[in-house]
Every structure is written in structure tokens, then in C-alpha cells.
Amino acid sequence: GAVVSQHPSWVICKSGTSVKIECRSLDFQATTMFWYRQFPKQSLMLMATSNEGSKATYEQGVEKDKFLINHASLTLSTLTVTSAHPEDSSFYICSARDPRGSGYTFGSGTRLTVV
Amino acid sequence: QKEVEQDPGPLSVPEGAIVSLNCTYSNSAFQYFMWYRQYSRKGPELLMYTYSSGNKEDGRFTAQVDKSSKYISLFIRDSQPSDSATYLCAMSATGGYNKLIFGAGTRLAVHP
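Protein chains in written order, with the working numbering: chain G, 1 to 115; chain C, 1001 to 1112.
In case anyone wonders, no lab produced these hints; they're calculated from the structure.
Please note that the accuracy of each hint is not assured.
[As the list claims (entries may be wrong)] Taking lysine to aspartate or glutamate and the DMTMM-like style, the derived pairs with C-alpha atoms no more than 25 angstroms apart in a straight line are:
(1) G:Lys55 x G:Glu22
(2) C:Lys1056 x C:Glu1003
(3) C:Lys1042 x G:Asp88
(4) G:Lys41 x G:Glu22
(5) C:Lys1070 x C:Glu1057
(6) G:Lys41 x C:Glu1003
(7) G:Lys41 x C:Glu1015
(8) C:Lys1067 x G:Asp98
(9) C:Lys1056 x C:Asp1066
(10) C:Lys1042 x G:Glu59
(11) C:Lys1042 x G:Glu22
(12) C:Lys1099 x G:Glu22
(13) C:Lys1042 x G:Glu87
(14) C:Lys1042 x C:Asp1058
(15) G:Lys14 x G:Asp65
(16) C:Lys1002 x G:Glu59
(17) G:Lys41 x C:Asp1083
(18) C:Lys1099 x G:Asp98
(19) C:Lys1042 x G:Asp98
(20) C:Lys1099 x G:Glu59
(21) C:Lys1002 x C:Glu1045
(22) G:Lys41 x C:Asp1007
(23) C:Lys1042 x G:Asp27
(24) C:Lys1099 x G:Asp27
(25) G:Lys20 x C:Glu1045
(26) G:Lys41 x C:Glu1045
(27) C:Lys1099 x G:Asp65
(28) G:Lys41 x C:Glu1005
(29) G:Lys64 x G:Glu22
(30) C:Lys1099 x G:Glu63
(31) C:Lys1056 x G:Asp98
(32) C:Lys1099 x C:Glu1003
(33) C:Lys1099 x G:Glu52
(34) C:Lys1099 x G:Asp88
(35) C:Lys1002 x G:Glu63
Note that the coordinates shown come from a computational prediction; the quantities given were computed from them, not determined experimentally.
Model the full structure from these sequences, guided by the hints.
Right under this line is the structure:
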């Protein structure tokens, strides 16, 4: 089945720095990827839809300048958390739809801790 | 009212029990229905994927979709301790790359 690889799996950074998270589709091309945020014991909250070769579409309330998304190729989307603050600490997950029609596949997630 | 409603549980059952998980939704445009299993600190894993109404079975798992009632279910037979996880229902509208709408997730604990 479709495989989505996400790195890093966890990262600790200092407040004010930026962190980049990568999401790769390994065995298929993904023109669209999705980025989610998940707080402890809560469901996934869609942050933005990443489109290859064009600007991402952000959900209401998500700061575009803080969460920079780049989808430069058909197999790679990146999420950069800029000027991170402790309140940005969360679990970030990417996903892509398998074009072969078997649903949406998720990455393993990235746990970000900002200290 | 949320688009997708799911009882967060927790649900605790003995090993071998049949587990029933459910979601209701309000948007009649939803056509694609999924169930995901998520272990702590991991990404969701797709369990079942169905289109429109009907039943689908895969091993110990059975997914049911009743579009007339806007109700979907996931049944787990012969539950095992390894099934202990959070189960998320998700759905999307017709075709293309429409975003998934998730339920809150139900935490399941299967005890030996």
C-alpha cells in the first residue's frame, strides 16, 4: 500500500527558532498533501492543504506566516514552524491520498517541543 | 453541531469481546468513509475504506455505512489487547482531493 514517510519523528527546539518537518510519498506521486495538528487526547485538526507547484490553502485561524508550507515536488511537502513558541508544541502529522483509490495515508507524525 | 460526532469513550472490554464503534454525521455530501486506528504518539493507520452505503469486511473488522441514517459503524470481532488504541472515523465529500473530516476518536482498551 501507499507509504508516507515523515521526518523527524521528534524534535526539541528553542523558542524563537524555526523547525522544518518533511513529508514524502515513497511509492506514489502526491499532488496534494495535508498537514494536521493534534493535541493530546484530541482528534486531528486540519491546518492546511498543500498543493504541488502552488500556494497552500490554509484553514481558518491558521497563521500562514507562522506555518510555512512548501510542496516543491510530487513527492515532498515541508512544513516550517517559524519563530516557534512553547504554544506551538504539538504533534504534527501529514497525509496524502493514494491515487490508487484506497484512502488517505498518514505519516508517523512529528512531536515538536519548544522550550 | 459538529459535522461528525463520535463518542470519545473510553471504552473498556474484555479480550474476545465484540466491539462496536460508531459515528454520525450531518453532511449528506460525504461519500467516502474511513476508519483509522491510532496508537499513542503514532500517525493514524487506515483500517477500512468504504464508498457510499454498504458493508465491508476485512478479517476481524467490519465496516458498515448507512447513508440514509448518516451513521457509520466499525465492528471488531474477537478483540485482542493489541487492539487497544484510539479509533477515528473520517469522511470526505465526492471525489478529488477533498479534505477529511474526523470524528473525535474513541479510546478503546481491551483487557486480558
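Hints, one by one, checked against the model:
{"no.": "1", "hint": "G:Lys55 x G:Glu22", "result": "holds (17 angstroms)"}
{"no.": "2", "hint": "C:Lys1056 x C:Glu1003", "result": "holds (23 angstroms)"}
{"no.": "3", "hint": "C:Lys1042 x G:Asp88", "result": "holds (18 angstroms)"}
{"no.": "4", "hint": "G:Lys41 x G:Glu22", "result": "holds (24 angstroms)"}
{"no.": "5", "hint": "C:Lys1070 x C:Glu1057", "result": "holds (20 angstroms)"}
{"no.": "6", "hint": "G:Lys41 x C:Glu1003", "result": "holds (19 angstroms)"}
{"no.": "7", "hint": "G:Lys41 x C:Glu1015", "result": "holds (23 angstroms)"}
{"no.": "8", "hint": "C:Lys1067 x G:Asp98", "result": "holds (24 angstroms)"}
{"no.": "9", "hint": "C:Lys1056 x C:Asp1066", "result": "holds (12 angstroms)"}
{"no.": "10", "hint": "C:Lys1042 x G:Glu59", "result": "holds (23 angstroms)"}
{"no.": "11", "hint": "C:Lys1042 x G:Glu22", "result": "holds (16 angstroms)"}
{"no.": "12", "hint": "C:Lys1099 x G:Glu22", "result": "holds (20 angstroms)"}
{"no.": "13", "hint": "C:Lys1042 x G:Glu87", "result": "holds (21 angstroms)"}
{"no.": "14", "hint": "C:Lys1042 x C:Asp1058", "result": "holds (22 angstroms)"}
{"no.": "15", "hint": "G:Lys14 x G:Asp65", "result": "holds (19 angstroms)"}
{"no.": "16", "hint": "C:Lys1002 x G:Glu59", "result": "holds (16 angstroms)"}
{"no.": "17", "hint": "G:Lys41 x C:Asp1083", "result": "holds (17 angstroms)"}
{"no.": "18", "hint": "C:Lys1099 x G:Asp98", "result": "holds (13 angstroms)"}
{"no.": "19", "hint": "C:Lys1042 x G:Asp98", "result": "holds (19 angstroms)"}
{"no.": "20", "hint": "C:Lys1099 x G:Glu59", "result": "holds (11 angstroms)"}
{"no.": "21", "hint": "C:Lys1002 x C:Glu1045", "result": "holds (23 angstroms)"}
{"no.": "22", "hint": "G:Lys41 x C:Asp1007", "result": "holds (13 angstroms)"}
{"no.": "23", "hint": "C:Lys1042 x G:Asp27", "result": "holds (20 angstroms)"}
{"no.": "24", "hint": "C:Lys1099 x G:Asp27", "result": "holds (21 angstroms)"}
{"no.": "25", "hint": "G:Lys20 x C:Glu1045", "result": "holds (23 angstroms)"}
{"no.": "26", "hint": "G:Lys41 x C:Glu1045", "result": "holds (16 angstroms)"}
{"no.": "27", "hint": "C:Lys1099 x G:Asp65", "result": "holds (22 angstroms)"}
{"no.": "28", "hint": "G:Lys41 x C:Glu1005", "result": "holds (16 angstroms)"}
{"no.": "29", "hint": "G:Lys64 x G:Glu22", "result": "holds (17 angstroms)"}
{"no.": "30", "hint": "C:Lys1099 x G:Glu63", "result": "holds (19 angstroms)"}
{"no.": "31", "hint": "C:Lys1056 x G:Asp98", "result": "holds (19 angstroms)"}
{"no.": "32", "hint": "C:Lys1099 x C:Glu1003", "result": "holds (13 angstroms)"}
{"no.": "33", "hint": "C:Lys1099 x G:Glu52", "result": "holds (16 angstroms)"}
{"no.": "34", "hint": "C:Lys1099 x G:Asp88", "result": "holds (23 angstroms)"}
{"no.": "35", "hint": "C:Lys1002 x G:Glu63", "result": "holds (23 angstroms)"}
Against the hints set out earlier in the document, no violation occurs for any number.
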